[in-house]
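Quick note, the sequences are listed as chains Y and P, same order. What the first sequence shows, in our numbering, is residues 1 to 445, in sequence order. What the second sequence shows, in our numbering, is residues 1 to 445, in sequence order.
Don't read these hints as lab results, they were simulated from the structure. No residue lacks a Cβ here, since even glycine has one placed at the ideal position from N, Cα and C. Keep in mind that the hints are not guaranteed to be accurate.
[Said to hold, decoys possible] Okay, the calculated bits of chain Y under chain P, using three or more residues with CB under 8 angstroms as the criterion: (1) 28-39; (2) 233-240.
[To be verified] Per label pair, the in silico range of CB-to-CB distance: (3) Y:96 with P:162: 21 to 27 angstroms; (4) P:318 with Y:36: 54 to 60 angstroms; (5) Y:127 with P:349: 36 to 42 angstroms; (6) Y:292 with P:67: 53 to 59 angstroms.
2 protein chains.
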Amino acid sequence: MSNEPGAPALGTKIIRISEAHEHVGKTVTIQGWLYNLRKSGKIVFPIIRDGSGMMQCVAVKNNLPETVFEALKGLTQESSLTVTGTIRAEARAIGGFELDVAEAQIIQHVSEEHPYPITPKEHGVDFLMDHRHLWLRSRRQHAAIRVRHEVIKGIRDYFDSHGFTLVDTPIFTPAACEGTTTLFEVDYFGEEKVYLTQSGQLYNEANAMAFGKVYCFGPTFRAEKSKTRRHLTEFWMVEPEMAYADLEEIKRVAEDLVVHLVGRILENRREELKELERDTSKLESVKAPFPRMSYDDAVKLLESKGSEIQWGGDFGNTDETLLTQDFDRPVMVDRYPAAIKAFYFQPDEQRPELALGVDVIAPEGYGEIIGGGQRIHDLALLEKRLAEHNLPREAFEWYLDLRRFGTVPHGGFGMGVERFVAWMCGLEHVRETIPYPRMLYRTRP
Amino acid sequence: MSNEPGAPALGTKIIRISEAHEHVGKTVTIQGWLYNLRKSGKIVFPIIRDGSGMMQCVAVKNNLPETVFEALKGLTQESSLTVTGTIRAEARAIGGFELDVAEAQIIQHVSEEHPYPITPKEHGVDFLMDHRHLWLRSRRQHAAIRVRHEVIKGIRDYFDSHGFTLVDTPIFTPAACEGTTTLFEVDYFGEEKVYLTQSGQLYNEANAMAFGKVYCFGPTFRAEKSKTRRHLTEFWMVEPEMAYADLEEIKRVAEDLVVHLVGRILENRREELKELERDTSKLESVKAPFPRMSYDDAVKLLESKGSEIQWGGDFGNTDETLLTQDFDRPVMVDRYPAAIKAFYFQPDEQRPELALGVDVIAPEGYGEIIGGGQRIHDLALLEKRLAEHNLPREAFEWYLDLRRFGTVPHGGFGMGVERFVAWMCGLEHVRETIPYPRMLYRTRP
Numbered sequence: 001m002s003n004e005p006g007a008p009a010l011g012t013k014i015i016r017i018s019e020a021h022e023h024v025g026k027t028v029t030i031q032g033w034l035y036n037l038r039k040s041g042k043i044v045f046p047i048i049r050d051g052s053g054m055m056q057c058v059a060v061k062n063n064l065p066e067t068v069f070e071a072l073k074g075l076t077q078e079s080s081l082t083v084t085g086t087i088r089a090e091a092r093a094i095g096g097f098e099l100d101v102a103e104a105q106i107i108q109h110v111s112e113e114h115p116y117p118i119t120p121k122e123h124g125v126d127f128l129m130d131h132r133h134l135w136l137r138s139r140r141q142h143a144a145i146r147v148r149h150e151v152i153k154g155i156r157d158y159f160d161s162h163g164f165t166l167v168d169t170p171i172f173t174p175a176a177c178e179g180t181t182t183l184f185e186v187d188y189f190g191e192e193k194v195y196l197t198q199s200g201q202l203y204n205e206a207n208a209m210a211f212g213k214v215y216c217f218g219p220t221f222r223a224e225k226s227k228t229r230r231h232l233t234e235f236w237m238v239e240p241e242m243a244y245a246d247l248e249e250i251k252r253v254a255e256d257l258v259v260h261l262v263g264r265i266l267e268n269r270r271e272e273l274k275e276l277e278r279d280t281s282k283l284e285s286v287k288a289p290f291p292r293m294s295y296d297d298a299v300k301l302l303e304s305k306g307s308e309i310q311w312g313g314d315f316g317n318t319d320e321t322l323l324t325q326d327f328d329r330p331v332m333v334d335r336y337p338a339a340i341k342a343f344y345f346q347p348d349e350q351r352p353e354l355a356l357g358v359d360v361i362a363p364e365g366y367g368e369i370i371g372g373g374q375r376i377h378d379l380a381l382l383e384k385r386l387a388e389h390n391l392p393r394e395a396f397e398w399y400l401d402l403r404r405f406g407t408v409p410h411g412g413f414g415m416g417v418e419r420f421v422a423w424m425c426g427l428e429h430v431r432e433t434i435p436y437p438r439m440l441y442r443t444r445p
Numbered sequence: 001m002s003n004e005p006g007a008p009a010l011g012t013k014i015i016r017i018s019e020a021h022e023h024v025g026k027t028v029t030i031q032g033w034l035y036n037l038r039k040s041g042k043i044v045f046p047i048i049r050d051g052s053g054m055m056q057c058v059a060v061k062n063n064l065p066e067t068v069f070e071a072l073k074g075l076t077q078e079s080s081l082t083v084t085g086t087i088r089a090e091a092r093a094i095g096g097f098e099l100d101v102a103e104a105q106i107i108q109h110v111s112e113e114h115p116y117p118i119t120p121k122e123h124g125v126d127f128l129m130d131h132r133h134l135w136l137r138s139r140r141q142h143a144a145i146r147v148r149h150e151v152i153k154g155i156r157d158y159f160d161s162h163g164f165t166l167v168d169t170p171i172f173t174p175a176a177c178e179g180t181t182t183l184f185e186v187d188y189f190g191e192e193k194v195y196l197t198q199s200g201q202l203y204n205e206a207n208a209m210a211f212g213k214v215y216c217f218g219p220t221f222r223a224e225k226s227k228t229r230r231h232l233t234e235f236w237m238v239e240p241e242m243a244y245a246d247l248e249e250i251k252r253v254a255e256d257l258v259v260h261l262v263g264r265i266l267e268n269r270r271e272e273l274k275e276l277e278r279d280t281s282k283l284e285s286v287k288a289p290f291p292r293m294s295y296d297d298a299v300k301l302l303e304s305k306g307s308e309i310q311w312g313g314d315f316g317n318t319d320e321t322l323l324t325q326d327f328d329r330p331v332m333v334d335r336y337p338a339a340i341k342a343f344y345f346q347p348d349e350q351r352p353e354l355a356l357g358v359d360v361i362a363p364e365g366y367g368e369i370i371g372g373g374q375r376i377h378d379l380a381l382l383e384k385r386l387a388e389h390n391l392p393r394e395a396f397e398w399y400l401d402l403r404r405f406g407t408v409p410h411g412g413f414g415m416g417v418e419r420f421v422a423w424m425c426g427l428e429h430v431r432e433t434i435p436y437p438r439m440l441y442r443t444r445p
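Just chain Y, with the same shape it has in the complex (with noise of 0.2 angstroms):
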């Protein structure tokens, strides 16, 4: 890269701000963006970020040609640059270090005409998902993105290490599950109507029996009309899914789960929660036993707290809100009236009219961050369930056959990115916590 703009001077090595802390006392070159410019008499303090980190540089005019610091001082936000110089050890700088400018080549200096457009002043919502493109440069959405980056390895870690394998389920699928009404249709080849997918469950079920712990995580899509703030269409799942497990078992492998992940955030992700102002102490709690309770006691829970609810009905963001207020960690609420949940819920042995399931209920109002359950494992039963939903007895042939072949007790859950992500940053609104969120009036950038 000798002749392109950005090549360092010759024998200096290129580094990342990160990587700091093992040059001090060298001489290197970052390769970054101008985040911010303090002047003071003959001195400039340009602030450079290169998205591992920031540096503050010390450009001293006397050291260096006049074009090079003039260049320097008159450099506008984000403009991008290249500088070279010693590292020094500076516990009052950003990051821990500061760099004496040696030399600086400007890549792009952003015009005063055309400047960038996100200011530290205060900007509309609208306005700054607008430049989602650039907004992503800010601190607060790097840390969310950061934080997101680490949940999704954290789950992975997770799942690879405790003997689960990996078995992606199809994002096109032929059959509507559960109605058509918050299904994404698409036009395939014109021959046929295919969806997208709401949730890999069914086929995990099929790879739960080929493997025995499996599961998928991708994109999983919503036409739901909703406006809230827990709302994406688009959005990412993680869903496990086990040979020979019952609830319990599905209960435990939950909690230890987000348990296991809500550490690691608080071990690898400091940092970040701090530039997110995030009171981590409301994560420090967050440790196993989970209260868990069932439907039942739950309802009762709410009754006295002076909710609405009565029993058979659904939870609602408030209720929610309400069952964790006196808990400071995730609340389990199981067995959930049959008719609130999907036909595959496995029955309650003592009472059928209940169903296998249970939710996970973040606290300080995150509501729920996991679903699952039991499944049903019997054929006759199943048959049965899909008669009674009205479903297309011909497009699940495929799915009771895990009912014919082999059927075991089984179970699993999904799990959504962005509400754990959002938790875990303490942020009001999932939109924050995909890098392009994609919402009822928001498709774009």
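Starting from the known structure of chain Y, arrange chain P on it as the hints suggest.
Quick look at chain P alone, frame taken from chain Y:
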């Protein structure tokens, strides 16, 4: 689960077959399905699979209640059962261990009238694909999916440990980038048309300016009416993108990733490769440096080998096979005619009719596994290209912003998971490299 079918005998530990080596001499319970059954007088040898491995069990008539022995003796393929007994090292047995049966519980005896449809005899591909939900239990399919898992994990670990941030790009994309003929269209609340992503690259470029080095990794979609053995309508692709990178750096990373992945598969998935009868010597030779050649030289080489290609044309499958014929590792071809590459390629400085793109072509006829290059970083040139390609300027305003606000040389590449897995596994058709393949005429199950 004490009253549920599948519960172990009191006090014994449930293990997975892959953990057998830790329990030699111990009494344990395994939970699985009957893979095969051999009988020899008063002994039956059920081979059980549990998704983690296979275990030959030894059930001796005199040591078991008669009902249990008879049940095992009459067991049908894929019946589900749990077996409790003592593990013994046995070099001749599959997996290296045997289990002496003390107890067994049949969870489901698959009926003789409606037996498991996939038998050791030959089945046609359509039949197997229609039964994909069961076919995944077969040993070869199992092996391919486990190689796939390792490839995906290897890709993520590679980028996570090389300073890349995972920034997921959207599936729903508003505008068609390169014509709409190969895009799947989605009805978005009846209001507007959105398309399923073909590549996260344009978003990746924005993300690289925010994070320096990024990757996205998710499903991508192409509505190509191709029926070749290399085409899926839904496939997974990883796409890294780097700021301050030129073509040489992009080639270096692509090469390093491939070498890393092949090494990892050879290290961790030997058994699966053996199951797939893969000639691993063809993978052992995949080391850096890969042969590098220009498009010009590639065309000359092809001509010398009798291809009818002419300068300016794209390589066909046969050309790709010819190109790698004399090499024991992938070949990197760069500097293609700009006319056959997308609008965003940076032109070669000396010969602007060439695009700074690179393809990595796998040996043994597996074809292009990586395509990428350096992107245009100059605003005026990019505007010119958009006009030349008759692309809707307004839809690209956000993309142009990246050249207005701190533009830098940058680039990256895309690698399709399924083609890579096919190469690793030595599979002729990509349909076996993804759990539920979607093709022109295949959207089920």
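Return the numbers of the hints above that this structure violates; sort them in rising order.
6
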